[in-house]
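K.L.:
The listed protein sequences derive, respectively, from chains A and B.
Using our numbering, the first residue of the first sequence is number 2, and each one after it goes up by one.
Using our numbering, the first residue of the second sequence is number 4, and each one after it goes up by one.
Worth flagging that the hints you see were computed from the coordinates, not collected in a lab.
Please note: incorrect hints may appear among the correct ones.
[Stated by the list, open to error] From the structure, some residues in chain A lie toward chain B, with a derived Cβ separation under 8 Å:
id	residue
1	Ala24
2	Leu78
3	Thr176
[What the hints assert, rightly or not] Simulated restraints, written as ranges between beta carbons of each label pair:
id	chain 1	residue 1	chain 2	residue 2	range
4	A	His181	B	Asn20	12 to 22 Å
5	B	Asn20	A	Leu82	31 to 41 Å
6	B	Arg36	A	Gly205	38 to 48 Å
7	B	Gln21	A	Ile180	24 to 34 Å
8	B	Asn18	A	Lys221	57 to 67 Å
9	B	Ser9	A	Trp215	47 to 57 Å
10	A	Asp530	B	Arg36	36 to 46 Å
11	A	Asn426	B	Arg36	41 to 51 Å
12	B	Asn18	A	Ala197	39 to 49 Å
13	B	Ser9	A	Leu82	38 to 48 Å
14	A	Leu536	B	Arg36	23 to 33 Å
All C-beta atoms, glycine included, are put in the ideal place defined by N, C-alpha and C.
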Amino acid sequence: MSASNEQANKPKKQMRVLVIQLARLGDTIQSLMALRAAKQLYPEMEIHFLVRERFSSAAKRVPWIKEVITLPTDRILEPVLKGQQNEAQALAGLARWLSPMIHDSWDMIINWTYSDASSYLTALIPARIKLGYSRRRDTTLSATDGWSHFIQGVVQGGVEQNIHLTDILTTQLLTALQIHLGEPADEGNSAVTSKAFFSLDLTGFNERDLGLSWRDPSRKWLGIQLGTGYATKNWSPERWSKFASYVLSRHPECNIVLLGGQEEAELAKRFYAELPSKLRDSKQIVSLIGRTPFDAWASIVSKCHWILAGDTAVIHLASVLGTRVLNVSVGPVRHAETGPYGNGHYVVTSAQACAACESGDFKTKTAHTCGESITAEAVYAAWSYASSEWAHRRQIGLENHYSQLGWSSELGNVRVYRSKIRNANDGGGVVYEALIQRSLRIQDWNAQVMGHVARAWYCGWVPPIGQEVIRSTVSPTLIHRLRKMAETSDVLLKICDEAKRTATTLQLKSATMRSDKIMGLQQREQLRDLGRKLLELDQLVDRLVVTEPTLRGFNQMSKVLMHNLHGDHLSELGKETAEAYRQLHQGITILKDWIQHTLKLAKPVALPRAPLLALEAKKDLTT
Amino acid sequence: MAANGSTLQGEITENPNQADAQSAERLLLGLLRALIAEQDIPALTEAQGMARPAAPAATPEVNA
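Go ahead and model the full structure; you've got the sequences and the hints to work with.
P.N.:
Have a look at this one:
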């Protein structure tokens with residue numbers, strides 16, 4: 002046996018990993034998907050998963066998770082909120098709950114919550130490697146790695162970018178594992194999604210009692226979830242009802258099952274009120290709202306042919322179980338980041354951004370009106386196209402399909418996307434391809450640029466510039482914006498150059514000092530001037546971004562990078578600052594390349610001489 | 004290679020120890036208050052309540 006084989010066959014030491022996910026169920030499922038990919042490549046990971054008690058059901062059904070630790074938020078917080086306990090008593094309770102985790106020995110903590118609370122938790126638990134948000138000794142926030150900088154500066158900073166959250170988490174973890182554990186044993190081509198992703202406990206659950214029958218293979222089941230957990234992300238139940246009417250009246254082979262929690266009962270009432278009475282009383286539609294614990298819910302979702310819903314956990318559950326999804330994405334949602342993951346899912350969004358979309362306010366509580374322009378007809382047309390792909394093989398365009406249904410007028414109100422997992426050579430990850438050709442909006446263009454920049458920063462490999470930009474979608478409005486942006490990005494690039502030089506000078510000058518605190522007056526003046534210059538350059542970027550908001554991502558990244566400098570001495574801080582500006586410089590250079598590429602793409606192209614001559618010859622023959 | 008490979012490995016502590024009592028108390032208090040503030044659980048993509056990062060720290064005024 003060769004030495005390398007011996008090495009490969011040697012049992013690897015278990016790596017104890019604590020994953021902190023205190024967000025909602027949808028984020029939990031996306032984390033599980035990313036973990037599954039990592040576990041397949043690095044089976045030595047022993048995964049312990051920390052989750053809120055109320056969202057723990059999914060993690061508890063994953064067989065390769067060693068332990069699920071739950072955060073009993075209600076038990077800890079309720080006594081304080083009700084005034085039955087003071088802060089000190091609550092702290093004692095929290096410390097007792099935390100104690101076993103602090104005394105355990107962890108090789109790695111992955112904080113995938115990206116929240117305040119989770120950052121304190123990460124800081125409190127000792128581990129050799131930490132990813133995600135944590136806290137420094139002085140309790141200020143610390144983003145421990147490059148992807149966390151990107152999440153803080155761009156994703157949470159409300160800047161559009163086009164890398165899906167599942168891809169970000171997967172890449173972040175796999176890169177760190179590769180650095181710490183080396184190359185994985187196999188290439189990891191096994192599928193992450195599967196009908197058997199969860200080990201479900203269906204004891205006492207009889208689907209036939211609920212009016213569901215999967216036995217007849219000629220019947221198609223559609224699961225619809227009316228609510229999303231946030232009223233701002235709900236598409237109206239009246240429109241869902243009209244959509245259901247179209248499906249059931251035009252597709253007698255279809256059944257619909259309504260899914261969701263008890264909190265969606267009111268939406269279900271409105272749904273039924275809108276439904277024609279003959280459908281309301283038929284067996285074609287079953288409501289299981291408030292009647293399905295996690296295991297039953299997951300089992301039903303895995304057996305449905307389609308899941309239709311807004312931005313909520315069920316689309317991630319369906320993705321992981323390999324059920325196709327049609328996602329009506331309305332409200333404060335960026336589907337490129339949190340849409341259904343995998344091949345062949347559909348996303349329907351409004352064609353027109355509402356005022357809240359335009360202002361970039363994507364807080365979950367902000368009301369958006371964009372959903373009002375999406376009609377039941379538009380969604381039905383998209384779904385009927387998607388569900389008949391096996392017949393038309395996408396040889397006819399979606400526009401033709403709308404036209405055949407007599408709803409061409411709906412085309413102007415929606416954007417329809419189809420998800421696709423890119424080939425690794427094209428950059429990998431999920432991409433949402435537009436099925437209706439429309440002018441490329443500046444924010445969509447910028448999202449592609451920011452995604453490209455992130456790949457260059459953190460993956461070290463990028464696909465060719467602008468490979469997904471289609472010439473016909475480059476509008477005069479976009480060209481006008483890009484020309485303006487070209488000038489501003491030149492200025493930004495110069496500022497980065499100057500800041501990089503200034504920081505390097507700061508590094509070199511401070512490296513010759515014996516102390517950061519004791520220095521000659523002249524040295525002090527020089528350092529002060531350099532520091533002041535850096536601040537002025539930073540303020541200049543602030544002002545520049547006011548004139549060109551599309552560059553906001555770089556400004557926010559600059560602030561995140563400066564906030565996360567961790568050197569103890571001035572010379573180290575100078576070096577890190579120069580490194581940060583080098584990174585920004587690289588990003589802005591990519592932006593400039595994108596601008597040039599897009600402007601070049603839009604230039605009128607002269608026909609080659611040969612075809613022109615052929616045309617002229619033809620003309621001569623006919624005259 | 005990525006712009007700065009060292010930023011991808013995460014925060015490394017060769018001999019991780021528990022936070023000292025004073026820091027632990029501050030962190031624990033921060034945790035409790037943040038949990039109270041996050042009762043309406045924010046989405047992962049949503050900007051959190053944390054203070055946005057401030058101006059560059061690498062200046063003599065701040066560090067000297």
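K.L.:
State the violated hints by number, sorted upward, taking the hints as numbered earlier in the document.
P.N.:
As far as the earlier hints go, not one is violated by this structure.
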